[in-house]
Every structure is written in structure tokens, then in C-alpha cells.
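Colleague: Residue numbering for the sequence shown follows the working numbering, beginning at 59 and increasing consecutively.
Read the hints as simulated data drawn from the structure, not as lab findings.
Computed list of lysine-lysine pairs in DSSO-like fashion (alpha-carbon distance at most 27 Å, straight line): (1) K406 / K497; (2) K78 / K496; (3) K78 / K128; (4) K146 / K406; (5) K105 / K406; (6) K522 / K539; (7) K304 / K274.
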Amino acid sequence: MSAIKLYSNDTVALATTDLKTGETIEIDGQSIVLLDDIPNAHKIALKHFEVGEGIRKYDNIIGYASVPIKTGQWVHSHNEVTGLGKSKEYTYNFNDISIFPRLSDKTFMGYAREDGSAGIRNHVALISTVFCANGPLHKLSRLANSKYPSTTFFDGILPLTQDFGCSQTGKDLDTTCKILAGVIKNANFGGVIIVSLGCEMAIPEVLETYLGNYNKSRIKVLSLQNCEDEFETGMALIDEIMEVIKTDVRTPISLSKLHIAMNCGGSDAYSGITANTLLGTLCDTLVQEGSTMNMTEVPEMMGAEHILMNRAANESVFRDIVSMMHNYDAYFARYGEKAADNPTQGNKAGGLTTLEEKSLGCIQKGGHCAVTEVLEYGDRTTKNGFVLISGPGNDLAGVTGQIAAGAVLTIFTTGRGTPCGFAGPTFRLSSNTALATKKKSWIDYDAGRLLSAKTSEQIEALNKELYDSILATANGEYKTKNEMNEYYQMGILKDGVTL
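Full structure from sequences and hints, please.
Modeller: Next up, the structure:
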């Protein structure tokens with residue numbers, strides 16, 4: 059198989075290996091002679107296109123011919139353009155095959171928290187409220203990890219630094235505080251030290267209004283300006299927290315308490331048909347078992363947003379999705395930028411041409427689930443099921459928002475490869491086997507094997523293997539590659555002045 063056609067109405071096929079001019083491919087009983095060299099994962103014209111004619115993949119328009127394109131030619135940036143850029147009106151047409159969360163008696167082994175959430179890890183996190191605190195925070199983390207190594211009930215000290223919290227005002231400061239509060243209260247943290255300089259805008263006294271009620275035996279404040287020796291004081295606070303969490307144990311918890319973030323980065327043309335497709339099936343399964351699966355990257359919904367809108371659980375959720383999309387259109391316009399510029403050089407090298415094509419692959423992560431809730435960036439989920447979060451395509455700021463919303467595991471798909479970890483375990487799927495083979499220290503699951511699956515039994519075996527791997531991760535039986543590498547970071551979306 060040197061090329062595949064995804065949907066019967068598609069007018070392009072996908073090369074599954076590097077192809078040369080003059081070679082012949084067979085698609086739907088049609089023999090097509092290639093008129094160009096076609097790189098692996100790139101598109102082949104299955105018909106003649108006139109200028110302005112729509113090009114179809116995933117059974118949706120992904121762009122338009124900018125010049126005449128002949129059958130057998132390479133379809134990419136030199137002859138295809140986006141259709142985005144015009145204001146849209148939307149109508150709600152609910153897709154009645156959408157999947158809703160159900161009650162299930164299935165469980166995972168996790169840490170039950172006082173607020174009703176459940177963690178899959180039991181870290182003590184050191185979280186900075188301002189960049190000035192980052193250096194001392196890292197030193198304190200090294201001291202604490204030397205004193206308190208990981209055990210069966212304790213996953214270690216996690217240093218989480220960020221660059222904001224000072225010289226901010228208005229909505230920007232509000233966003234920073236909401237994200238910090240959400241991360242601080244994440245269920246993967248049995249204890250937290252909030253590391254403050256003492257004079258920043260996001261001082262702990264301000265943060266407390268965002269935190270609401272919290273257990274002060276598990277969440278403590280270290281103000282660097284208000285103590286003589288921050289390391290002696292910090293270690294004393296950690297000692298107090300360790301006394302509290304040493305009795306924490308994993309217990310059986312309903313899968314309705316499991317909250318997972320789905321994200322992607324460094325996508326290629328295989329992402330939407332292997333990694334994101336397998337993740338979509340997992341999303342369907344876990345949502346039916348009551349879990350919460352959240353997805354962000356609003357710019358990477360553009361061109362595919364109509365599909366999500368027609369899976370809105372009700373008209374109120376539909377209007378929330380429309381508002382989210384319009385707000386992001388306004389965000390780009392405010393800065394004179396175009397959402398259609400989203401695909402990166404790496405995306406294009408991997409076969410993705412337009413944002414529509416990227417988005418149609420991106421939303422495969424949500425499977426066939428109904429959208430039960432739409433959140434602003436920094437808000438926490440209140441409903442189970444498939445949840446959309448307003449957030450950027452930028453992985454660090456986006457995933458941090460998903461974790462602040464309550465996610466305790468991030469499942470991250472990639473075609474080009476990335477080693478990044480976020481504020482917790484990050485389970486990474488590669489869209490192609492070559493990447494999984496090359497970067498064994500980055501990749502947790504080779505989704506590229508889906509391409510060679512010939513039967514429904516083989517596909518089902520891959521789906522079950524992924525499901526079992528995610529449950530093993532939730533149960534603490536498997537450590538993700540970012541955990542093994544100790545790659546952790548967090549970042550916050552900034553959209554305002556710096557004072």
C-alpha cells in the first residue's frame with residue numbers, strides 16, 4: 059500500500075511512502091500515474107482541479123486550488139490555499155450519534171482528595187508566583203528531593219516555575235492568578251509550597267481569593283522576603299506537609315473521577331489518521347465510562363469547528379462554542395494576525411498544508427463525543443464528559459490551562475516529536491513508527507502501527523493496548539517518559555501590557 063484514501067468522497071489520497079514521478083498507484087480501482095515526486099505523508103490529486111475548486115480530505119474541504127491541478131500531481135502549499143478568513147454564521151444541527159458520559163462501576167487506583175477530585179500521582183509541588191522566586195525554588199527542590207526520595211505513596215518534589223505574576227494588571231493578572239490557583243489545587247499534588255517573593259502582583263494574599271477554601275496543612279506559603287533563611291524555612295514547611303501526606307494511599311476510585319487532557323504538538327499528516335484516531339476511540343470509551351476528557355487548541359479547531367458545534371450537548375453549549383470561536387477570531391484580528399498562519403514549517407514538512415487540514419486531524423482526538431461544557435482559559439470543569447477549553451495552539455500555555463482545569467494526565471500526540479513534559483505525567487503517542495523507533499526516550503506508544511493494521515481484530519487490539527496502558531499509568535504501574543526523564547514545566551497565556 060503506497061497511498062490511502064481516507065473517505066469515499068475525498069479528492070486527494072495520502073502517500074504512505076516517498077513516491078516518484080512515473081509510478082502508478084491504485085485507488086478505488088483507478089490507476090493513477092504520478093506527475094510529481096510525492097513525499098511521504100503528502101497529498102496526491104485524485105482528479106483534475108480548476109482554480110478555486112475545493113479540495114476534499116476527511117470528507118471536508120481542506121482548501122482550494124490556487125492553480126489548475128492535474129490528476130496525479132502533488133497537492134501542497136504551491137497549489138493549494140486556505141479558505142479561512144471570512145466571518146461565518148453557524149446553525150445548530152445536533153449529531154444524534156454523539157456519545158454522552160454514563161455511569162460505570164469501573165475503577166482505577168488513585169488518591170482521593172478532599173474536594174472530591176482524584177489524583178494519579180502524589181507529589182509535593184513547589185510553585186512560583188513570580189520569576190524572581192524561580193532560582194531559590196529550584197535549589198529548595200534539590201534539597202527536599204535529597205531528604206525525601208520517592209516511595210510507594212510519594213512521587214517526589216516537583217519544581218514548577220513560571221515567568222509572570224509581576225508587572226501585570228487587569229485581565230492578564232486575573233488569568234495568571236486563575237491558572238496558578240488551578241494548578242495549585244490539582245489533585246496530583248498531595249501538598250504544595252507556594253513560593254512567593256513577597257512584592258509581586260500575584261502575592262499569596264491575592265491568590266487566596268482565587269483558591270477559595272483549601273487545606274492549609276497541605277498548601278503552605280513561603281515568602282522569600284519575609285524570612286531570614288528561605289531554605290531553612292522552606293524545608294520546615296515541607297517537613298510539615300510530609301507528615302500529613304505520609305498516610306496517603308491509593309484506593310479504588312470510580313472512573314468518573316478520572317480527568318484527562320488531550321493535546322498535540324509537532325503534528326504531521328499521519329497525526330489525524332493514527333495517533334489522534336486511536337486517542338479518539340479511547341476518548342469515546344472513557345467518556346462512556348464516566349471520565350472527563352478535555353481538549354483545547356482553539357486555533358486548531360478552525361475549519362473543523364462545525365463538527366464540534368453539531369456535537370454540542372444542547373443549544374447553550376452550541377452558543378458557547380460559537381462564542382469561543384468568534385472570540386478567537388477577534389483575538390487574532392486585534393493583533394492583525396491570521397489564524398490560517400498556524401501550521402508551522404514542521405507541520406508542512408510533515409504533509410499538512412492548510413489550517414483546515416490540520417484542524418480536521420486535530421479534532422479526531424475527541425472521537426464521537428458530545429461536547430458537555432465549554433470553559434474559559436483558567437476555569438475548572440464542572441461536568442463530566444468531553445469538555446472544550448478556550449486556549450492557544452501553543453502547547454505549554456494550552457496544556458497548563460488544561461491541568462488548571464483539573465486534568466491529572468495529559469495524553470499528547472505528535473508526528474514530528476517533542477520531549478516536553480508539563481505539570482504532571484504526559485503520555486505521548488507517535489503518529490508514525492519511524493518516530494517511535496528513533497525517539498524511544500520520548501514516546502510512550504507507537505500509534506503508527508495503525509497504518510499496517512489489516513483487520514478489525516488488529517485495530518481493536520491496538521485500542522485495547524492503549525486503554526490498558528492509560529489505566530496502568532493512572533494506577534501508578536507505568537511511569538511516562540517525561541516522568542522518567544524528569545521533564546516538567548508550566549506556562550501561562552499572556553495577552554496584556556507589561557507595567
